[in-house]
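Engineer: Chain by chain, the residues:
Number of protein chains: 2
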Amino acid sequence: MNLSIEHLRIEKASEHDTGLILSFIKELAEYERLSHAVVATEDLLREALFGERPVAEVLIGYYKDAPVGFALFFHNISTFLGRRGIYLEDLYVKPEARGKGVGRAMLIYLARLAKERNCGRLEWAVLDWNEPAIKFYKNLGAEALDEWTTFRVTGDALERLASK
Amino acid sequence: MNLSIEHLRIEKASEHDTGLILSFIKELAEYERLSHAVVATEDLLREALFGERPVAEVLIGYYKDAPVGFALFFHNISTFLGRRGIYLEDLYVKPEARGKGVGRAMLIYLARLAKERNCGRLEWAVLDWNEPAIKFYKNLGAEALDEWTTFRVTGDALERLASK
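Here the protein sequences come in this chain order: A and B. Anchor point for the first sequence: position 149 equals 148 in numbering that gives the first Met the number 0, and the numbering is continuous, going up by one each time. Anchor point for the second sequence: position 25 equals 24 in numbering that gives the first Met the number 0, and the numbering is continuous, going up by one each time.
Any given hint could be a false lead.
Okay, derived cross-link-like pairs now, BS3-like style, lysine-lysine, Cα gap no bigger than 25 Å in a straight line [what the hints assert, rightly or not]:
(1) B/Lys163 x A/Lys114
(2) A/Lys163 x A/Lys25
(3) A/Lys25 x A/Lys63
(4) A/Lys11 x B/Lys163
(5) A/Lys134 x B/Lys163
(6) B/Lys93 x B/Lys63
(7) A/Lys99 x A/Lys25
(8) A/Lys163 x B/Lys137
(9) B/Lys25 x B/Lys93
(10) B/Lys114 x A/Lys163
(11) B/Lys25 x B/Lys63
(12) B/Lys25 x A/Lys163
(13) A/Lys99 x A/Lys63
(14) B/Lys93 x B/Lys11
(15) A/Lys93 x A/Lys137
(16) A/Lys93 x A/Lys63
(17) A/Lys163 x B/Lys93
(18) A/Lys163 x B/Lys11
(19) A/Lys163 x B/Lys163
(20) B/Lys63 x A/Lys163
(21) A/Lys137 x B/Lys99
(22) B/Lys99 x A/Lys63
(23) A/Lys93 x B/Lys99
(24) A/Lys99 x B/Lys134
So, partial list: chain A residues that the calculated Cβ filter (under 7 Å) puts toward chain B [unchecked claim]:
(25) Leu44
(26) Pro94
(27) Glu95
(28) Arg111
(29) Leu121
(30) Ala124
(31) Ala143
(32) Arg151
(33) Arg159
(34) Leu160
Derived by calculation from the structure, the hints in this document are not laboratory data. Small disclaimer: the values here were computed from a predicted structure and weren't measured. Here a beta-carbon is modelled for each residue, glycine too, at the ideal position from N, C-alpha and C.
Okay, chain A solo, but in the shape it has when bound (with noise of 0.2 Å):
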């Protein structure tokens, strides 16, 4: 499936956009303020996207034929539903880009992809000062779920639970 809408154009992405999919990844973490997060390889993106059991797969936002953004997502599962959904881990548009409806064009592929995959569900996590997604992500639809938080062990503290 692609989109296309005047300018834009919405395609999935192939190996070779890896080093592509990894400069966006690094842009993204210095909007979040989280560059110090960063040690994702060329590599290991490789390997996890494209190799013999991919985890995710992509999207590449064009506009003009530049690529200009990307959404990277993965099927979890409300087992409410008893069915598969899209979760959106990255979506990212270069700020010289924004206000065309690149991430806007992304969403809506990725409802159609969920329709096309009979999923129940499309999900995504947003920081809570990033007021201009939460307002954009409201305008379409989303609804916040305001009553769960996330919990994550990594690092030691995985370590330590695994030993224990």
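On the provided structure of chain A, position chain B as indicated by the hints.
Structural biologist: What follows is chain B alone, placed relative to chain A:
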């Protein structure tokens, strides 16, 4: 991988556990005050968990050989780490079997599995009013990602977004 501690045993579920898993899901929904949201059927679950392309895996917790709880999980990805993670969608222990270490044993199992599969993180979401759970998770080394909120598009809103 199996994990046994005294009267406890944690095992991977198989297809013949589908009915049991559904009954646990319904009990969990009741505890979360979300019973109205459960529309999953045994057929839908069997397809999602044990069909051609399983989207999640399940552990069953046994106490003195009786099944008393379950954990349902799938792989997500951290683009910053460039590695897979484990996302725990559901964790449930029957009320009469709580306080015996079943939930703890399932989390330890998952932390070991995360290491075995070279995953960087173990994550899950908790309802904000579930204080006993939050205390329990923090004691096991989990950190709350307080600055993130999950957004969801589902039902009619998903239809509307797909048809934009």
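Engineer: Each of the hints needs a verdict: does it hold here or not?
Structural biologist: These are the hints, each one checked on the structure:
{"no.": "1", "hint": "B/Lys163 x A/Lys114", "in the structure": "holds, 13 Å"}
{"no.": "2", "hint": "A/Lys163 x A/Lys25", "in the structure": "violated, 35 Å"}
{"no.": "3", "hint": "A/Lys25 x A/Lys63", "in the structure": "holds, 23 Å"}
{"no.": "4", "hint": "A/Lys11 x B/Lys163", "in the structure": "holds, 20 Å"}
{"no.": "5", "hint": "A/Lys134 x B/Lys163", "in the structure": "holds, 18 Å"}
{"no.": "6", "hint": "B/Lys93 x B/Lys63", "in the structure": "holds, 14 Å"}
{"no.": "7", "hint": "A/Lys99 x A/Lys25", "in the structure": "holds, 22 Å"}
{"no.": "8", "hint": "A/Lys163 x B/Lys137", "in the structure": "holds, 15 Å"}
{"no.": "9", "hint": "B/Lys25 x B/Lys93", "in the structure": "holds, 11 Å"}
{"no.": "10", "hint": "B/Lys114 x A/Lys163", "in the structure": "holds, 13 Å"}
{"no.": "11", "hint": "B/Lys25 x B/Lys63", "in the structure": "holds, 23 Å"}
{"no.": "12", "hint": "B/Lys25 x A/Lys163", "in the structure": "violated, 30 Å"}
{"no.": "13", "hint": "A/Lys99 x A/Lys63", "in the structure": "holds, 11 Å"}
{"no.": "14", "hint": "B/Lys93 x B/Lys11", "in the structure": "holds, 18 Å"}
{"no.": "15", "hint": "A/Lys93 x A/Lys137", "in the structure": "holds, 21 Å"}
{"no.": "16", "hint": "A/Lys93 x A/Lys63", "in the structure": "holds, 14 Å"}
{"no.": "17", "hint": "A/Lys163 x B/Lys93", "in the structure": "holds, 23 Å"}
{"no.": "18", "hint": "A/Lys163 x B/Lys11", "in the structure": "holds, 20 Å"}
{"no.": "19", "hint": "A/Lys163 x B/Lys163", "in the structure": "violated, 51 Å"}
{"no.": "20", "hint": "B/Lys63 x A/Lys163", "in the structure": "holds, 21 Å"}
{"no.": "21", "hint": "A/Lys137 x B/Lys99", "in the structure": "violated, 43 Å"}
{"no.": "22", "hint": "B/Lys99 x A/Lys63", "in the structure": "violated, 61 Å"}
{"no.": "23", "hint": "A/Lys93 x B/Lys99", "in the structure": "violated, 51 Å"}
{"no.": "24", "hint": "A/Lys99 x B/Lys134", "in the structure": "violated, 45 Å"}
{"no.": "25", "hint": "Leu44", "in the structure": "holds, 5 Å"}
{"no.": "26", "hint": "Pro94", "in the structure": "violated, 19 Å"}
{"no.": "27", "hint": "Glu95", "in the structure": "violated, 22 Å"}
{"no.": "28", "hint": "Arg111", "in the structure": "holds, 5 Å"}
{"no.": "29", "hint": "Leu121", "in the structure": "holds, 5 Å"}
{"no.": "30", "hint": "Ala124", "in the structure": "holds, 5 Å"}
{"no.": "31", "hint": "Ala143", "in the structure": "holds, 5 Å"}
{"no.": "32", "hint": "Arg151", "in the structure": "holds, 5 Å"}
{"no.": "33", "hint": "Arg159", "in the structure": "holds, 6 Å"}
{"no.": "34", "hint": "Leu160", "in the structure": "holds, 4 Å"}
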